[in-house]
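Trainee: What follows is the residue order along each chain.
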Amino acid sequence: MQLTRRAVLAVPALIPFAARAAGPVFAGVSGPLTGPNAQYGAQWKRGFDLALDGINGAGGVKGRPLQYIFEDSQSDPRQSVAVAQKFVADPRVVIELGDFSSPASMAASPIYQRAKLVQFGFTNSHPDFTKGGDHMWSNSTSQAEEQPKLYDFAAALGFKRPAVLHLNTDWGRTAKDAFVAAAKTGGAAVAAVEAYLGTEQDFRPTLVRVRDSNPDGLVLLSYYADGALICRQARDTGIKLPVLAGTSNYSPKFLELGGPGVEDVFVMTTFFPADPRPEVQDFVKRYRAKSGTDPDSFSAGAYDTMVLWAKLVEGWGPTREGMQAGLLEIKDVPSVIYGAATFDPRTRRVQGASYKRLVVQKGQFTLWDGNRPT
Amino acid sequence: MGAWLDYTINGLIVGNIYALLAVGLALIFGVSHLINFAQGSIYTAGAFIGWTCAQRLGTPLPVTMAAVVLGCAALGVVIERVGLRPLAGSARIAPLLATIGISFVLDQGLQLLYSPDPRSLPSPLPAWRIQVGRGTIGALDILIAATGLVSAAVLFGFLRFSRLGWAVRATAQDSEAARQMGVNTDAVNRTVFAIAAGLGGLSGLLVGMYYNHIDTAMSFQATLKGVVAQVIGGMGNVPGAIAGSLLLGLTESYGVALFGSSYRNLFAFVLLLIVLVLRPNGLFAGRQAMSPEPLTGTFIAPSRPWDVPRWAVAVCVLLAALLPFLPNSAYALQVLTNAWLYALLAISLTLVAGTLGQVSLGHAGLLLIGAYASALLALDSGLPVWLSIPAAGFVTAALGTALTWPAFRLRSHYVSIATLGIGEIVGLVILNWESLTHGPMGVTGVPPLTAGTVELDSPQASYWVALAVLVLLGLMQSRLLGTHLGRTFRAIRDDDVAARACGVSLDRYKGLAFAVSGFAAGISGAISAHLYSYINNETFTSQVSVLALTMVILGGMGNVLGAVIGAVALTGLPEVFRFTAEYRQLIYGLVLLLMIRFRPQGILGTA
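Protein chains in written order, with the working numbering: chain B, 1 to 374; chain X, 375 to 981.
Since the hints were made in silico from the structure, they are not lab data.
Heads up, the beta-carbon is just placed ideally off N, CA and C, and yes, glycines get one too.
Each hint can be trusted.
From the structure, some residues in chain B lie toward chain X, with a derived Cβ separation under 10 Å:
{"no.": "1", "residue": "Leu33"}
{"no.": "2", "residue": "Tyr40"}
{"no.": "3", "residue": "Ala42"}
{"no.": "4", "residue": "Glu71"}
{"no.": "5", "residue": "Ala82"}
{"no.": "6", "residue": "Ala107"}
{"no.": "7", "residue": "Ala108"}
{"no.": "8", "residue": "Arg209"}
{"no.": "9", "residue": "Asp212"}
{"no.": "10", "residue": "Leu229"}
{"no.": "11", "residue": "Arg235"}
{"no.": "12", "residue": "Gly261"}
Using the sequences and the hints, build the whole thing.
Mentor: Listed below in structure tokens is the structure:
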């Protein structure tokens, strides 16, 4: 009975009296609240809370409010397996969301699979994550689908010899392989591939190496913090080439951390606040009102996940079996990332994210007008 | 040719940054022979104090810098007073643990105060840049270099020409004698901590502005690079720290030039090892410094261990073995399974750190070797799991001994730093040796534990397996401590010169101890791999090494039962504090500090 105190205190205040008659429905969240990845756990919470405000504010699902129990795993496999046992043994928990990193998530998968509790890894892009068992699902965008789109953007910018810098993790590696394959199919020659460690902050020597491979553009398969650092240091190293950054760079923090260094950088994103679709506008308006900043792709993913969960509870009942049955059948869930999300029952992943092409102009993300960089 | 100029410039620029980190560490080490693990946290605190001043209060840069230096100096004084002075009489290993605890508390406090989101810290300096080679350097690069050089020069002058500086140097040489000559050594330590913390905070501010990025998780990397840089220059040697930092920056930059950026840290740690093996006092040590181990037995304090009666241990083991019969115990079993696996690691570490006196900070590397060996033997060579796990133990014993062999000739802190480097090297080799280890993708689908054809994947079964292995290896190690071999290990710890004079071959005994230790750690890593089904190079990070050392010190150095108790305590406490959510690491750090304060020799005492 150890709930995250904030989750318990914050939510009931928002629930209309009538809804309290039937008890809440619980999701278990395993993720980092402390430790080096704590920033991502904080982003998740913002996305979750915003979605729940909307759902519970409207009376919950069939009169029952939704709540989540956030257990801090520090994204450490030793702790995520303990959390998994805890959730599995807690009959209130109907679905599990997370964890953040692949080692932490995939170490817990056998436990969830054995207990037939859906493990919904909404940031887990490792291609083998959903192969852990038929109860592992993910709405994280597939790199096999995303990277060809990023290459199309690069080709539209006129890159014929791009240099690729990628984070040397399972995610960055998968993305890099998919991008290089797409470039090969598209007839471009990749000039250089540089893998860097997640703890890296100094990219100047790497950039000199990249510069000397004579590329005609840089492609960054990075997160927003390292992406911003690379852009700043590229300018300091005397590289004036156009830069294209992948979807995980889309964040207001990219602009804040990059400062003038990210001006004119091209960014592809699945999620864009100026997207006119009503669900996006609703999300962005409420997010701004609550947090004072624009949402990024991590909080958008967390938001989408809560909305999806509400639909599952609504359509298939608040049980563990209901969640699994629902994911197999559910179609066209409204989503700020996908437009409408449908799972492929074989891969247990979502296809068809919509991608936007942006460029940073005067310190703001704006839609790219189609003009090639000069 | 032009590119080499660029690589050189870039190496010097980043070396410049390491220099700021290394100077503070060198100063504290020079005086109190302590690796201050809290220095990275002070660096982070400095960055956030600077952010508050510059972004919230809008102060100009000189005022911001002054505020950071004063704020962090005050923090340093508090750390010295609260965390270290009470431990003055105990072994030097206790203050080391105290700095780890303080860094926990500081990091978590900052995270609660400022949220874990990264922030920008724009530099208010003019934006002009000078063309050097094909790249540019800016005003901030020059300010950072000037800060490093000026602070080193001021420190040099202070130590050489002021009365307080003399007192600092006297305390560094022999604090007992200094006190007898009327030096107020408490005041000296306070001054040193204030100066080092002020410098650390200032470097946090400047580096934060340089990258336009600060966050609450940047402490550990800062400590790591600072320690490496100062060791290259010579521990405790302030001008050496600057030279060592520049050399480290250059090595990294040239390493990237030759082999690409994923090899960068590999170069840094290999350089560290080479320096430690060839010139343990650092490249820039002048005359032969004093022996790093000052007097017999002061690194690990002798104490009378609590004698726990055998029947009590037997009863505890029996109770633990019966625990899975309780209903609804899966969560508790999982936590305790983790505790038993950590205990295996802790008894492995306590043998080399406590019994032999070689404090290793690289045990996570042994876990990785064990985990990968067993996973790859089971997956790629088709070995059954019940064979691959002991095989992984032997592989780890052999590889671990071979890898730590260069550290055998080192003493006290140098061993810790060399093994820290070795641990990092293991992780980086696993990341880069793709044909064997699957590189960054990690190893998926590691088969679960089995005995013959019986799958042992229930929480109860894995619990019993871990407990049984722990009891077996724990008994063996207790038995070993009472034999001739155990006595020889302790003789090496207490006085290696005397031991050698009695005809003990140090290298062989150290090799034996590391082999036994590697076996237990390898088994622990191997079982974990089969429990998790997926491992990659980040499954066991150097944070795990630090945690394991914490367990060992907490339980009592060299004490097998103490190591188990330490492991249960430090695995259990974060779980017990779960209900406090974001606060749990903070509370954990505070509890750790209190335990060191009131029982610096460990719960059960040194065996």
